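K.L.:
Below are the chains, spelled out letter by letter.
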Amino acid sequence: MLRLENLTRRFGETVAVDGVSLEVPAGEFLTLLGPSGCGKTTTLRMIAGFETPTSGRVVVGDRDVSALPPQKRDVGMVFQNYALCPHLDVWENVAFGLKSRGDRRDGIGPSVDRALALAEMGPYARRRVQALSGGQQQRVALARALAPEPPLLLLDEPLSNLDAALRERTRDELRALLKRLGMTAIFVTHDQEEAFALSDRIAVLDRGRLQQLGAPEELYASPANAFVAAFLGRANFIAGTVESADGAMGIVRLAAGPAWRARLAAGASPGAAVRVMARPESLRITPADTGDALRGTVRDRRFAGAATFYHVELGDGTDALVQGRPGEAEPGGAVGLALHDGAEPVAFPAERA
Amino acid sequence: MGRIRRPHLALAIPVAVVLLWLVLYPNLFVLADSFRGEGGATTEHYARFLGSASEREALWNSVWISLASVLLSGLIGIPLAFLFARRDFPGRRVFGALAAMPVLLPPLVGTISFMFLYGESGFLTRGVQELLGMERAPWRLSGAWAVLLVHAYTMYVYFYLFTSAGLSRLDAGYAEAAAALGAGRWTTLRRVTLPMLAPAIGGAALLVFMTSMASFSAPYVFGGGFRVLTTQLYNSKLNGEDGLVAVEAVVLVVTSLVFLWLLQRYEGKREYTGAGKGLGAAPPARGGRTWPLTLGSALAVGFLLLPHATVLLVSLVPEGTWTIQALPPEYSAENYTRLASEPERLVPVLNSLKMATLATLANVVFAYAAAYLLARGKGRSRGWVSALVVLPWALPGTVLAVALASTFSVDRPLAGRFVLVGTFAILPLAYFIRNIPLVTRAALASFRQLDPALEEAAASLGASRLTTARRVVLPLVLPGLAAGALLAFVTALGEFVASILLYTHRTRPISVEMLSRLRGFDFGGAAAYGMILILLVAVVFALGGRNVSGGTG
Numbered sequence: 013m014l015r016l017e018n019l020t021r022r023f024g025e026t027v028a029v030d031g032v033s034l035e036v037p038a039g040e041f042l043t044l045l046g047p048s049g050c051g052k053t054t055t056l057r058m059i060a061g062f063e064t065p066t067s068g069r070v071v072v073g074d075r076d077v078s079a080l081p082p083q084k085r086d087v088g089m090v091f092q093n094y095a096l097c098p099h100l101d102v103w104e105n106v107a108f109g110l111k112s113r114g115d116r117r118d119g120i121g122p123s124v125d126r127a128l129a130l131a132e133m134g135p136y137a138r139r140r141v142q143a144l145s146g147g148q149q150q151r152v153a154l155a156r157a158l159a160p161e162p163p164l165l166l167l168d169e170p171l172s173n174l175d176a177a178l179r180e181r182t183r184d185e186l187r188a189l190l191k192r193l194g195m196t197a198i199f200v201t202h203d204q205e206e207a208f209a210l211s212d213r214i215a216v217l218d219r220g221r222l223q224q225l226g227a228p229e230e231l232y233a234s235p236a237n238a239f240v241a242a243f244l245g246r247a248n249f250i251a252g253t254v255e256s257a258d259g260a261m262g263i264v265r266l267a268a269g270p271a272w273r274a275r276l277a278a279g280a281s282p283g284a285a286v287r288v289m290a291r292p293e294s295l296r297i298t299p300a301d302t303g304d305a306l307r308g309t310v311r312d313r314r315f316a317g318a319a320t321f322y323h324v325e326l327g328d329g330t331d332a333l334v335q336g337r338p339g340e341a342e343p344g345g346a347v348g349l350a351l352h353d354g355a356e357p358v359a360f361p362a363e364r365a
Numbered sequence: 032m033g034r035i036r037r038p039h040l041a042l043a044i045p046v047a048v049v050l051l052w053l054v055l056y057p058n059l060f061v062l063a064d065s066f067r068g069e070g071g072a073t074t075e076h077y078a079r080f081l082g083s084a085s086e087r088e089a090l091w092n093s094v095w096i097s098l099a100s101v102l103l104s105g106l107i108g109i110p111l112a113f114l115f116a117r118r119d120f121p122g123r124r125v126f127g128a129l130a131a132m133p134v135l136l137p138p139l140v141g142t143i144s145f146m147f148l149y150g151e152s153g154f155l156t157r158g159v160q161e162l163l164g165m166e167r168a169p170w171r172l173s174g175a176w177a178v179l180l181v182h183a184y185t186m187y188v189y190f191y192l193f194t195s196a197g198l199s200r201l202d203a204g205y206a207e208a209a210a211a212l213g214a215g216r217w218t219t220l221r222r223v224t225l226p227m228l229a230p231a232i233g234g235a236a237l238l239v240f241m242t243s244m245a246s247f248s249a250p251y252v253f254g255g256g257f258r259v260l261t262t263q264l265y266n267s268k269l270n271g272e273d274g275l276v277a278v279e280a281v282v283l284v285v286t287s288l289v290f291l292w293l294l295q296r297y298e299g300k301r302e303y304t305g306a307g308k309g310l311g312a313a314p315p316a317r318g319g320r321t322w323p324l325t326l327g328s329a330l331a332v333g334f335l336l337l338p339h340a341t342v343l344l345v346s347l348v349p350e351g352t353w354t355i356q357a358l359p360p361e362y363s364a365e366n367y368t369r370l371a372s373e374p375e376r377l378v379p380v381l382n383s384l385k386m387a388t389l390a391t392l393a394n395v396v397f398a399y400a401a402a403y404l405l406a407r408g409k410g411r412s413r414g415w416v417s418a419l420v421v422l423p424w425a426l427p428g429t430v431l432a433v434a435l436a437s438t439f440s441v442d443r444p445l446a447g448r449f450v451l452v453g454t455f456a457i458l459p460l461a462y463f464i465r466n467i468p469l470v471t472r473a474a475l476a477s478f479r480q481l482d483p484a485l486e487e488a489a490a491s492l493g494a495s496r497l498t499t500a501r502r503v504v505l506p507l508v509l510p511g512l513a514a515g516a517l518l519a520f521v522t523a524l525g526e527f528v529a530s531i532l533l534y535t536h537r538t539r540p541i542s543v544e545m546l547s548r549l550r551g552f553d554f555g556g557a558a559a560y561g562m563i564l565i566l567l568v569a570v571v572f573a574l575g576g577r578n579v580s581g582g583t584g
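So the protein sequences, as listed, match chains F and A.
Letter by letter, the first sequence follows residues 13 to 365 in the numbering used here.
Letter by letter, the second sequence follows residues 32 to 584 in the numbering used here.
FYI, nobody ran anything at the bench for these hints, they're computed from the structure.
Misleading hints may appear alongside valid ones.
Straight line, CA to CA, 16 Å or less: simulated EDC-like cross-link-like pairs of lysine to aspartate or glutamate [as the list claims (entries may be wrong)]:
(1) F:K84 to A:E487
(2) F:K111 to F:D86
(3) F:K84 to A:E486
(4) A:K409 to F:E63
(5) F:K191 to F:D212
(6) F:K191 to F:E40
(7) F:K111 to F:D125
(8) F:K191 to F:E161
Just so we're clear, the structure is a prediction, and the values are computed from it rather than from any experiment.
Produce the entire structure from the sequences given, and follow the hints as far as they go.
P.N.:
Right, here's the structure in full:
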């Protein structure tokens, strides 16, 4: 449905987007995820046609749209601040795209009503947009983008202006709606939780480059590099050296003594200095004198409902975050850290920060 | 890249043509004329200017009368603004609005009303004379003091309006913070409030300075032996001394430009923007004895409205009935009814309406394009556009008239020169150029508030650029554009300074007709035209105020 080929955008000296290639099949919900300045918004704007690629191609369906202006691309977009026309009412805003396209007058009405019904904004058709709440404006913006039934929908952080409670609900409704319509959608966000909840696949971007593309579970369990590991969820990094390799897996001798079985990322060959990434839920607290455990001191404890998180300071000063049960350890107490059975830490070459 | 920029180019070319051909080019002609001698380039005109005591005196007079006008206008306008913004008393709103009334008086009408009021045989002068049983008029409204008085009356409004606007934007939180830090009322005023108002006050000061540098009506009517550059220029023009005219124009423009440059430096340095959500402006203080304030402002406003009342009164005097009496002996609506019965009398009114409409339409189209470029364009060309757009502001009307007269009096199409002098087109052209800065700035303010995402949203919905402009951009910038257009229309309606140098009998506007009636001692007829101007201006403001605020809420 959408194909980006080696897409690059330079602004003077800076490279905002650096050779991004990816393919999105019809009906997929893909998220471009990354910290601010990673190039995700520039990528989205190149797909929409607001930015011209320095090199590379944007292909929608089987049409190369790289040289087309936004008007000719047939791509819907929902803007971060919604960009609704304040001088038009809800209905007129949603009808805008259909009128621009030159639809017949009697065809516009039903299409607008249908789009408003999808966004559950039917009863508000004649309201002024400024009279609506943020959540309602977001729905109108969505209805407006959907009304011309574009084959591809772009969403630029459309939830970031909503408050936390509304955001979660809107997020789930948005996904349900787009799935029901079988919409192909590209979504930009810097919020990994949002990306997890919404996406079929996530493209993680950093400094203009595509770091990894995959399903949320895959990215979380097997990050391609330390950046992806650290950006998606919480990650602990513990220094060590690869002792032996056995296919994708290997034994890593941690600097503090114990040996862990870990998946080896590219470049982590026997003898290489590595940083072993373990998620908080991969670690468990053991008594301090357990053999072959990391030793540390509990610095802080944070209750988070379903679980309790412990900050444990390791011998080399590293702060490790461990998910456990309430009352397992007290601040100030000496504890050991071990891996849960079946946990699969990942070893990254040490020089990759 | 090219694709994104191309629409800018389509606007940039006409904007550049207008700015270079109509704004810059005629002035370069004046500059060239100032160096043109019988046998090639010469500085003899400059030598003559500098060698002449009366020319040097005129330059000095222009500068000091302008500085004095700034001072006096400020002393009236700023305290008035504080009074109406900070103290609550019965009638505050009404008087506050009435205090801006001089804005309804086009410069020439204001000047003439002063003549009827404070002139040698003016109502007030005669009144005082008879009250005190004096044999001669207690004062003569002539010379520097007269000019200064008229300037202060017509120009304090800038200080009043700018300071009022500044005060209404000034967050009360700052003053409260200063008070919490132990600052007394005076310290707060001196160290917090006034510095934060500095941009507004500075802007008004320079506006007044420029306006009085360019002022022609007041020194022309009241100057007597008091020379200023604008009147010198007018006289030289009548005497056909083209070289000297050019030098005087250059000196006038350079002086104005120096002060405009100072303004922009000043504006650039001082820009305060309140951070975050504020408390809003301080509410006016209640309590205390309020009747002296009500009485005082009633008197002040009464004084400010005297000129309007005078024009109304005199406009009811039939031609030839008022000679030596203190008050006119007869009143009738004759001067108005004759407008209907004698078509020739209506011509100037129709001329002014036609020419002002034409000029304003051109201003709106140009301002839309220029403001779009300034708000959305990128790069170096933007600096040039922005500089050329404000240039007409630094050009006194007399200079502009001279520049247009010398550029568009010959037919040389290859040099971009055509005969426009003597045609209907020349006055609207002059009005258009004079109002470029005003309308463009108003439009620019609206464009700056327009979220660029709106245009992108329209484009992603398939709207062509034209559709986007028509259905999204135009409706949203319309209030600002309309406000600028109204001011431009009103200014063009009453324009006198450039008109008097460029008009022909067939195209004479209201202001010129007024002056010629006055010259023929038809005071009533002149005042009736003045009254028509006042009413037209008032109607435009009343209609405009409603439309502009009601447009998009």
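K.L.:
With reference to the structure, classify each hint as holding or not holding.
P.N.:
Hints, one by one, checked against the model:
1. Of the supplied pair hints, the one linking K84 (chain F) and E487 (chain A) holds, its CA atoms being roughly 13 Å apart against a limit of 16 Å.
2. Taking the CA atoms of K111 (chain F) and D86 (chain F), the gap is about 14 Å. The hint holds against a cut of 16 Å.
3. About 15 Å separates the Cα atoms of K84 (chain F) and E486 (chain A), which keeps this hinted pair within 16 Å; it holds.
4. Taking the CA atoms of K409 (chain A) and E63 (chain F), the gap is about 15 Å. The hint holds against a cut of 16 Å.
5. Proposed proximity of K191 (chain F) and D212 (chain F) is supported: the alpha carbons are some 10 Å apart, at most 16 Å.
6. Only pairs whose Cα atoms come within 16 Å are accepted, and K191 (chain F) paired with E40 (chain F) is accepted, the gap being roughly 8 Å.
7. For the proposed pair K111 (chain F) and D125 (chain F), the alpha carbon gap of about 14 Å is at most 16 Å, so the pair holds.
8. Annotation: proposed proximity of K191 (chain F) to E161 (chain F) holds, straight-line Cα distance about 14 Å (limit 16 Å).
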